[in-house]
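Number of protein chains: 4
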Amino acid sequence: MDLKTKRGFASDNNAGVHPDILKEMQRVNEGHTVGYGADRYTREAEELFRIILGHETEIFFVFNGTAANVIGLTGIMRPWNSVIMASSAHIEQDECGAAEKFTGCKVLTVDTTDGKIDAGMISKHLHGIGFEHHSQPRVVSITQVTEMGTLYTPAEISELAEFVHKNDMLLHMDGARLANAAAALDVPFREFTSDAGVDLLSFGGTKNGLMYGEAICFLKPGLTDDFKYIRKQGMQLASKMRFISAQFIAYFRNDLWLRNAAHANSMADILAEKIIGIPGIALTQQVESNGVFVTIPHPVADKLREHYFFYPWNEASSEYRLMTSWDTRESDITGFTRLLEKLMAEFK
Amino acid sequence: MDLKTKRGFASDNNAGVHPDILKEMQRVNEGHTVGYGADRYTREAEELFRIILGHETEIFFVFNGTAANVIGLTGIMRPWNSVIMASSAHIEQDECGAAEKFTGCKVLTVDTTDGKIDAGMISKHLHGIGFEHHSQPRVVSITQVTEMGTLYTPAEISELAEFVHKNDMLLHMDGARLANAAAALDVPFREFTSDAGVDLLSFGGTKNGLMYGEAICFLKPGLTDDFKYIRKQGMQLASKMRFISAQFIAYFRNDLWLRNAAHANSMADILAEKIIGIPGIALTQQVESNGVFVTIPHPVADKLREHYFFYPWNEASSEYRLMTSWDTRESDITGFTRLLEKLMAEFK
Amino acid sequence: MDLKTKRGFASDNNAGVHPDILKEMQRVNEGHTVGYGADRYTREAEELFRIILGHETEIFFVFNGTAANVIGLTGIMRPWNSVIMASSAHIEQDECGAAEKFTGCKVLTVDTTDGKIDAGMISKHLHGIGFEHHSQPRVVSITQVTEMGTLYTPAEISELAEFVHKNDMLLHMDGARLANAAAALDVPFREFTSDAGVDLLSFGGTKNGLMYGEAICFLKPGLTDDFKYIRKQGMQLASKMRFISAQFIAYFRNDLWLRNAAHANSMADILAEKIIGIPGIALTQQVESNGVFVTIPHPVADKLREHYFFYPWNEASSEYRLMTSWDTRESDITGFTRLLEKLMAEFK
Amino acid sequence: MDLKTKRGFASDNNAGVHPDILKEMQRVNEGHTVGYGADRYTREAEELFRIILGHETEIFFVFNGTAANVIGLTGIMRPWNSVIMASSAHIEQDECGAAEKFTGCKVLTVDTTDGKIDAGMISKHLHGIGFEHHSQPRVVSITQVTEMGTLYTPAEISELAEFVHKNDMLLHMDGARLANAAAALDVPFREFTSDAGVDLLSFGGTKNGLMYGEAICFLKPGLTDDFKYIRKQGMQLASKMRFISAQFIAYFRNDLWLRNAAHANSMADILAEKIIGIPGIALTQQVESNGVFVTIPHPVADKLREHYFFYPWNEASSEYRLMTSWDTRESDITGFTRLLEKLMAEFK
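Protein sequences appear in the order of chains A, B, C and D.
So the first sequence is residues 1 to 348, counted in our numbering.
So the second sequence is residues 1 to 348, counted in our numbering.
So the third sequence is residues 1 to 348, counted in our numbering.
So the fourth sequence is residues 1 to 348, counted in our numbering.
Since the hints were made in silico from the structure, they are not lab data.
A portion of the hints provided could be inaccurate.
In silico SDA-like links for lysine to any residue, alpha-carbon gap of 20 Å or less [claimed, not checked]:
| hint | chain 1 | residue 1 | chain 2 | residue 2 |
| --- | --- | --- | --- | --- |
| 1 | A | K124 | D | E319 |
| 2 | C | K166 | C | F189 |
| 3 | C | K124 | B | A316 |
| 4 | C | K6 | D | G31 |
| 5 | A | K23 | B | R27 |
| 6 | C | K228 | C | I76 |
| 7 | D | K124 | A | D94 |
| 8 | B | K228 | D | L126 |
| 9 | B | K6 | A | F49 |
| 10 | D | K6 | C | K6 |
| 11 | B | K228 | D | D168 |
| 12 | D | K124 | A | T112 |
| 13 | A | K220 | A | G75 |
| 14 | D | K6 | D | K228 |
| 15 | C | K23 | D | Q26 |
| 16 | B | K6 | A | G31 |
| 17 | C | K228 | C | E46 |
| 18 | C | K124 | B | D114 |
| 19 | B | K6 | B | E330 |
| 20 | D | K228 | B | D114 |
| 21 | B | K124 | C | Q93 |
| 22 | B | K6 | B | A316 |
| 23 | B | K303 | B | T337 |
| 24 | A | K228 | C | P19 |
| 25 | D | K348 | D | I278 |
| 26 | D | K23 | C | I76 |
| 27 | C | K228 | C | N29 |
| 28 | C | K6 | D | N29 |
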């Protein structure tokens, strides 16, 4: 079997589209439908978002996660503002400077080992307020679940939001893996989003069974004016919008989003459990969602990667990232860990 | 029937996705596939582009047409350059200033009644060359077929390209309806693209049966460096790229793209023919592809629009735009023109 | 004498700095002074502006005219807005696309033979309002005196402002040669600025005896927030601001600005009068300030330019621009026109 | 005496303009001179730069230091690049995000206590090379002398440059206080600039007796194309350029720049020496140029600031910055330190 089509652990976006999603896309493919989001499927999808996030939420669909982050931030920042985030954040590391290019803003970072940030870390950037020489801090951006697979608790988010608002800033949440957080936390969804004080949310699903499309959610009224122009000028207004909306309709139906994510999370738990038992392999992060971060000796990893596709996270420290998906099977894990165990035994 | 799902003449992007396209998207949805375009479906789709455009063509998929235009232009312009186009061009009228925002460049326009431009019109903008106070003209952008449904002949494009190159500029073609041009011209495809001297091509399909996705095609080597960064920073790199690639694979298979377009074109011919016969209705543009531009008295148009969805083009001159699609049926046209005829009779 | 230091008619910015200006710069050069505009000279200069423009005016000094236009516009536009101006405007022709690059906005133009625009010309750009696909018109920009040396009357400006405001837009005036307008119109200054409905004013002086520095004037309260950050991020905040302020203090003292401009205007009148008398030379614009536009046969102009420095305006129509300055002397004009007369006689 | 005009220690740009500079500005103020830098004074000034920096140097004057940094960087970066610098750098802290806004690039920082950075610190940012998701490191920017008044030795710069070039990057030097470095190091100027491997230099003088104007110096051929357009579009092309050029002509004449700087440096030495002797006051940085960084108890500093103007550097650690200037007199220092000594005695 081609290594690249075998279910591996490279990324949850290497998995395909959940059949229910595809089916819904097919279902809406009948007759003509007005373009650019003025259609009934989009209205329906937006309504579903409002049910879980609150009825004042404003929703704007875009094509992908980078756009959700960058275009969303553009709605609440002016070019002389700065946004503070973990130095490991996707916006900082993996969006090729799109935030700076499109918003014109400054990205300030704080270092953190587990991908999570708190008020104490942020404080060092809160100076020069009102001083025109200094870019004005305006947004704090967190990722839930983080790039390291760790989770903010609702209390942590509330506390951070309070600090952020007290300092006249806004809180953005990059939710590329938001469903995994929702499934893992198992509390009412708003408890760690709207009700916790998050202002702007990038709500993704491509890593959890969708094909494309992401939702920018303004969780409070009055946060942005004229946002429709920002999205259009940002090249993110889909003409056949119904096919993004259909995906979210199916995503929310019967909690597909939570079921997919819960499955991926549980696969990560199993994977972690099996790995811990292998002598010489160590976890480097708490396993709280669908990511498992481990140190594997490079020679072993190299051989393993001939059979399973996955990526190094930190070459220097021999750390690798293993992501489980909505379609990961227990047999995939067994096959993987058995081979790893065997290779480790030979390695020593 | 809901007016908005009835097959009308509002826009060719109100039509759905051709079943063969959807089927191919389903077909590639098996197992894991590496993301961001490093997959075999994308290689296959790129190869198909090279077959029709030439083996030196570099292809970059993006999400939509605005992005294809703007990101593509960014690859061949620097911020102190200007791009010259018809004042009726989509980039000028319907992309909310995305070109200026993302490229930092100046858009210069020329007025034209049929959407087509030529060397004579452009000349007025070719001054101040080498003068640092003046934004330097670098690209001429044409739309094929134009926003008015008219066509450039291969000879017209060649002549324009020659003039453009002689003036040390490049020629961009916005091909949102490129298939309609290909079907209408019925010459080898390269004759009005690569071989005619076009440098950069936005190759669209969403108006001709695709769901989303557009191809930026650099038709000559050496036109752009580091373009992959421009696309990523432009928020246009799809993670599950295989679903864009699959669409183009199906699009080119058995000439689906040409068959769809030829059908839409022929429907426009029939529509035009029937309309010409109705007293009091006049065509305002040559019908050369799938667009029919007509003057209809506003009161008549208002009543007609209660039954068929279509847009005014120019309120002042009582001009309306009627677009046919890959799925337009002759019965749609008959129904429409009969009603129009009836309303006109009553109107007089 | 070096041709390039001889008083010619190339540009009013080729003239030097008026001695009173230099003297004042020297006067403020004592002791330490807090930087970036928090000094008493800057307060004094701002107060002088408020006296002539109204006490609600907000003033921000920048380095030059391009910055005054571009940074000022940034204060009242968002990137999805457009600004409408004459195609001959300095912003369009001579600022290398700075407006597009820094504001992210679209510049729309209208053609005009005398550099002046009116409501009728602008109307064609006022469509697509509220339509997210279309860049939203927000500002109309006029130049007083125009690039062709012509003048808007107070009534013309009032009428245009009324139209602009009725369409929910703002009126910007590029006043690179504002003093020449003030001197020529000879009405209270506010009559064609604040009271006429101008919202934003670029108030220049470098073409009228200053060394550098220009004032961005918001003529009404509430037009801009946080503008200090826009100026700083725009690289236009001078550290030793007192030396810009000092120039304006001297500029307004004893009406130096009006006296300089009146002199230049009167020199243009004399120049025009003498030129009209020369057979074969024709004026192409009304002489209303300090610019004289004439057609001169190219061979004659070439010879003339061996003795006097001046620029062609339109190569194709053999049109040349002659600018007089605060330091032009009648003898310069006599010398110039005598030579021109002689050359014309030989030419025929 | 007004506190704000008394010679204090707030900033070296609070000092005025050296009389020789002003005199030269007056000298060039005769007759007409072609604008925008095509004049003989500018040629002369450029030649003087080439004498000290090497004959291949390309020089472009701009208005101020922020522009020199930002416009210069724009010449050698593309928007998907990043520039690495100390988190204390002026570009990062005091230019209101101008670099991000104008270049579109990402600014990456490293923490350093003395303002100096080295290869070891930078390394953490050198990953993801060639990976389109990651902004590509392209420039390392250092400040000489640093914002903390410390100095890079020629050897340190050479070593850093070698590392930078080995990693296919370029080295930028922010020389807002370059003369102070030159005076302090007392080695041939090129030894820590051109010959040490610096590629791009922001050469300032406003903190050392100039009025305005800064030079962007490309120290090697081929670093930038079309830079004249970047400067103009960056709103930094002065019309009456001769008055910037004149300043530099006088600046280099008889080593005025070095004499001014040497004086300021020696005043800082004296200030530091006297301060060290005061019980309870501690230096926080090596005094290597014209800045003295000290901890002073806040209540004492508050009283002192009623008599002398100076700024806190770090409120939290009670650290203050004292800058000496080309016009600081020993009596200023004596007055200041006596008062400080007295206040400290009372404080205890």
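task: Below or equal to 20 Å on CA atoms is what counts here, so check K228/C against N29/C.
output: 25 Å, violated
query: Is the straight-line distance between the alpha-carbon of K6/C and that of G31/D 20 Å or less?
result: Cα-Cα ~6 Å, so holds.
query: Does I76/C lie within 20 Å of K23/D when you go C-alpha to C-alpha?
result: 40 Å, violated
- prompt: Taking 20 Å as the top limit, are the C-alpha atoms of K124/A and E319/D close enough?
  reply: 16 Å, holds
query: When you check the alpha-carbon spacing of K124/C and D114/B, does it fall within 20 Å?
result: Measuring from Cα to Cα gives roughly 17 Å; hence the hint holds.
query: Under the criterion that the straight-line Cα-Cα distance not exceed 20 Å, is the pair K220/A, G75/A satisfied?
result: Satisfied, since the Cα-Cα distance of roughly 13 Å is no more than 20 Å.
message: Check the hint pairing K124/B with Q93/C against an upper bound of 20 Å on the C-alpha distance.
response: 12 Å, holds
Distance restraint between K228/A and P19/C, which requires alpha-carbon spacing of 20 Å or less: 54 Å, violated
- prompt: When you check the alpha-carbon spacing of K228/D and D114/B, does it fall within 20 Å?
  reply: 38 Å, violated
Straight-line alpha-carbon gap K348/D to I278/D, limit 20 Å: With Cα atoms ~12 Å apart, K348/D and I278/D stay inside 20 Å; holds.
field: Satisfaction of hint between F49/A and K6/B, Cα-Cα up to 20 Å
entry: 27 Å, violated
- prompt: For the pair supplied as a hint, K6/D and K228/D, is the alpha-carbon distance within the 20 Å limit?
  reply: 40 Å, violated
Of the numbered hints given earlier, the model fails hints 2, 9, 10, 14, 20, 22, 24, 26, 27; all others are met.
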